[in-house]
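Q: Using the sequences and the hints given, assemble the complete structure.
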Amino acid sequence: MTKRFNRLRFSISVLFSLIFALLFALGWSCLPAFATAPDTEVDEGTIGSAPSYTHSQPGLTELVLQLRWDHQFQFAGYYAAQWMGYYEEEGLNVDIRSAFTAQSPDILDAALEVEEGRADFGVGAANLMMAQDDGMDLILVASIFQRSAVEYVTLLEDRGNTVFDLSQLHIARRPGDLLDLELQALLASEGIAPYATRTTDITRDFTLEDLINKTFDVVPDFLGQIPYAAEKAGVPVKVIRPAEHGIDFYGDTLFTSGKLARSNPELVERFRRASIKGWFYALEHPMEISELIVTRLAAPDAAPERQAALLDFNLYQAGKVLELTHYPIVEVGNINPFRWIKMAEAMKSLGMIEEVPDLDAMIFDYDQVKMTQLENTRKNLAYAFLILTALITFFFVVYLKRRNTLLLKEIDDRQLAERQLVLSNARYETIFRSSVLGITVTDSEGNIRHVNDAWCSMTGYTADELSGMNINQLIAADSRDLDAGLHRDLMEGRISSYSMEKKYLRKPDPQNPDQEDHFHGRMVLTCIWDSGADAMLNMSMVTDITKEVRDAQAVRRAEERFRKIIGQVAQEIGGSAVSLVGSPVAGELSMNLEEINLELERLFTRELEENRRKDALIRYQGRMAAMGEMIGSIAHQWRQPLHTLRLVLMNLRDPGNDPDYVESCYLKANALIRRMSETIDDFRYFSNPRTEPRAFTVAESVRLVQGLVDEQLRVSGITLSTENLESLQPMVGFDNQFSHVLFNLISNAIDALKHNPPGKPRTIRVAGEQREMLLTVRIEDSGPGIPSTDADSVFEMYYTTKEAQGGTGLGLPMARSIIETAFGGRLTLVPAEAGCAFEIEVPVSGKVGE
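Numbering-wise (the numbering used here), the sequence shown opens with residue -6 and increments by one.
The reader is advised that the hints may include incorrect statements.
[To be verified] Listed next, the in silico EDC-like pairs over lysine to aspartate or glutamate satisfying Cα-Cα at most 20 Å (straight line):
hint	residue 1	residue 2
1	K252	E109
2	K495	D476
3	K335	D126
4	K231	E259
5	K496	D471
6	K252	D353
[Unchecked claim] Simulated DEER-style distance windows between Cβ atoms:
hint	residue 1	residue 2	range
7	E789	V228	43 to 51 Å
8	V228	V725	57 to 65 Å
9	T382	D502	46 to 54 Å
10	S97	F378	56 to 64 Å
11	F378	N120	48 to 56 Å
12	I334	R442	46 to 54 Å
13	Y376	L171	48 to 56 Å
14	I334	A186	19 to 27 Å
15	R595	R407	44 to 52 Å
16	T712	A784	24 to 32 Å
17	D353	E789	47 to 55 Å
18	R442	E789	30 to 38 Å
19	E656	A827	45 to 53 Å
Simulated from the structure, these hints should not be mistaken for laboratory data.
For every residue, glycine included, the Cβ atom is placed at its ideal position computed from N, Cα and C.
A: Right, dumping it as structure tokens:
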């Protein structure tokens, strides 16, 4: 008997040793790669063919950034990240290398340097698509220049206004030149063969002298170098930008190798984060960074005159960089996959690449990497838990079978323990199922708006009695101020919810004087928006925990009895108790699950804040786009009066003018100035937000918008007609917001009608209709219409059919939001006999919004 018992005990020890080893191995393998702290010294090892990272300073990882040109403000953000210590804060020591070396006359290819392991990061543009197509494994990390810096310069002010005019000029072109990619795309967009113009096979750079000496009519330029030289030389030049003709390529983009991004995403994110901070600093402090570029990099030992000239050039370039980054309208480093796909499709159509790459896999997304790793960790822990459960189950089956054979006298005690365990589980299950939350909804003053039946049952009051009370009347005096600080943080938006245990008062029951006058509750308080009351309300969810408090002692006694029985069993099998309740297995598993829960909570909070920031940025972008369109309308409005005013002033200089002629000229000039002033008043009225709603008519809003766009209508040969607007009943709301919607729809119609072929009518009709208390405004044009494939997407954010004209994809989503939120109506795309038609439906009374 003793030998069999010793063998059983030995088997148990071996089994638990195997379980602990399994849990340790699974727990170690489940640790996510991004758990390493940024400031921890990590031996990165060898990445592909790249040399292993060394640490010249304790805790700093050595990295190499390969530029695409020589040191200048074009790369200011990376210098700022190094000089301001942002790289060091992320545990990095970065070597920023120029594309020019003393060992070779050739310019280093950043993509090739990264692919072959001589650099970890690089700066590129459209050539990255070609490199990817050639089999290089590259990952886009951050697009710094939202527009390409490539442009074309000519002295011919009256030539190159159209792509066809440009193709007739002698253009300086080199086969395989990266500056020539966008010219090829520009020519192809108008159906012109990309190599219809002759090329020049030379190795030198193009300069202003090529234009002055008439060697070429047009020369390519990057980041304004030739216009800068022309400005200094006093030579007027004309700049032709492909983006103005619909060729919207990205400019300088930070990239890395796919192997590094997959093996060490934390390192890539640290470098990206520090670089973006550097770009923020450089764009905000251009003078400081320009001086440092000259004195530390470009010409540290040059004469003062040379340094002054280089400083002036870098400051000029800083202005160009600011325009290309679209800072602060667009977030620095923003990557739009849709624009990259469009760029790749254009390059494929030109034969530059064979296939459009998978942009989802080519763009670095650190949050997605973390989510994938976290999901893998969760799955591994789930597998570990299942294996552990299976092993424990198997152990207990074997253990119970042998125990039944060896220790028959303990059967009664074990059955008793099992019955107690079943009863305990049943008691807890009953408590869980019967714990119904009591819910109350109160206003900011604490006045009760709504309650549920569970809360009425808890307090003893009816719903009618509670509707006239304040929530503080139901809270015991010693519990009312426990959450004062947390409640203030909730009201001011610093937290979204909080939990607190409080003591609540019950309604006295004369028929049951022995009933307690209070109960304990666990409360969770959060804020909700009541659109009907147009106010923020507090929602409280209370769980009655009085019974739990009373049962605490009974639970402890049951636990003591349970532990006593286990202790007795342990003594009888050799004096070594095995407690699963406090075992390292359960403790480690609980800690791992708690870490996962905390990480998910942090990710949720971060995503919520990111969405709020993006919503604010989208609204800002939409407002800026509308402002740009209105400023363009004013420019059209002013151009003709200014031209006429100039002719009047020139006529006044002629000798021999009689007084009557001079007086007529004066009156004509005065009328022109008054009209220009009225245009400014219209613009101010249109753009300034109102603080209070007012009554206005649709006809007033249409006349205002028509005044802003009438010059565009005249130049484009478009007729705008109105029907049944004066008879519409006035509506209440913010009139400038309604005008904003009309301006957007009419501007879109004007853009569409510009593509009508000669001979086809160009008309816009604005018609009104009133049915009882509902107003309908229909804006219809005779343009080409919207394809059926795009009809379901026109109201989606960032979706635009006007990429070539620089469409933002914000106008229609913002217009719909204004109609729905501010006026309680709706904006829809409706069928039209020809062209396109939108209908606005709003109630006369309006739903005055913000």
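Q: Hint by hint, say whether it matches the structure.
A: Quick rundown of the hints versus the structure:
Restraint check: the Cα-Cα separation between K252 and E109 comes to about 11 Å, which is no more than 20 Å; the hinted pair holds. Only pairs whose Cα atoms come within 20 Å are accepted, and K495 paired with D476 is accepted, the gap being roughly 9 Å. Proximity of K335 to D126 is assessed by CA-CA distance (about 15 Å); at most 20 Å being required, the pair is judged to hold. Between K231 and E259 the alpha-carbon distance is near 46 Å, which puts this suggested pair outside the 20 Å criterion.
Among the hinted pairs, K496 with D471 is consistent with the structure: their alpha-carbon atoms are about 8 Å apart, no more than 20 Å. Of the pairs offered as hints, the one joining K252 and D353 holds, with about 16 Å between alpha carbons and a cut-off of 20 Å not exceeded. Remark: the range hint 43 to 51 Å for E789 to V228 is upheld by a beta-carbon distance near 47 Å. The hint said 57 to 65 Å for the Cβ distance between V228 and V725, and at roughly 59 Å that hint holds.
Taking 46 to 54 Å as the suggested C-beta distance range, the pair T382 and D502 conforms, at roughly 49 Å. In this structure the supplied range 56 to 64 Å holds for S97 paired with F378, their Cβ-Cβ distance being about 59 Å. Between F378 and N120 the beta carbon distance is about 50 Å. The supplied range of 48 to 56 Å therefore holds. Checked against the hint of 46 to 54 Å, the C-beta distance between I334 and R442 comes to roughly 50 Å, which is consistent with it.
Take Y376 and L171: their Cβ atoms lie about 50 Å apart, and the range 48 to 56 Å holds. Taken as a hint, the range 19 to 27 Å holds for the pair I334 and A186, whose Cβ atoms sit roughly 25 Å apart. Remark: the range hint 44 to 52 Å for R595 to R407 is upheld by a beta-carbon distance near 45 Å. Taking 24 to 32 Å as the suggested C-beta distance range, the pair T712 and A784 conforms, at roughly 26 Å.
Distance hint for D353 and E789: a CB-CB separation of about 18 Å, inconsistent with the stated range 47 to 55 Å. The hinted window of 30 to 38 Å between R442 and E789 holds, with their beta carbons roughly 37 Å apart. Evaluation of the 45 to 53 Å hint for E656 and A827 yields a pass: the beta carbon distance comes to about 51 Å.
Figure legend: structure checked against the earlier numbered hints; hints not met, in rising order: 4 and 17.
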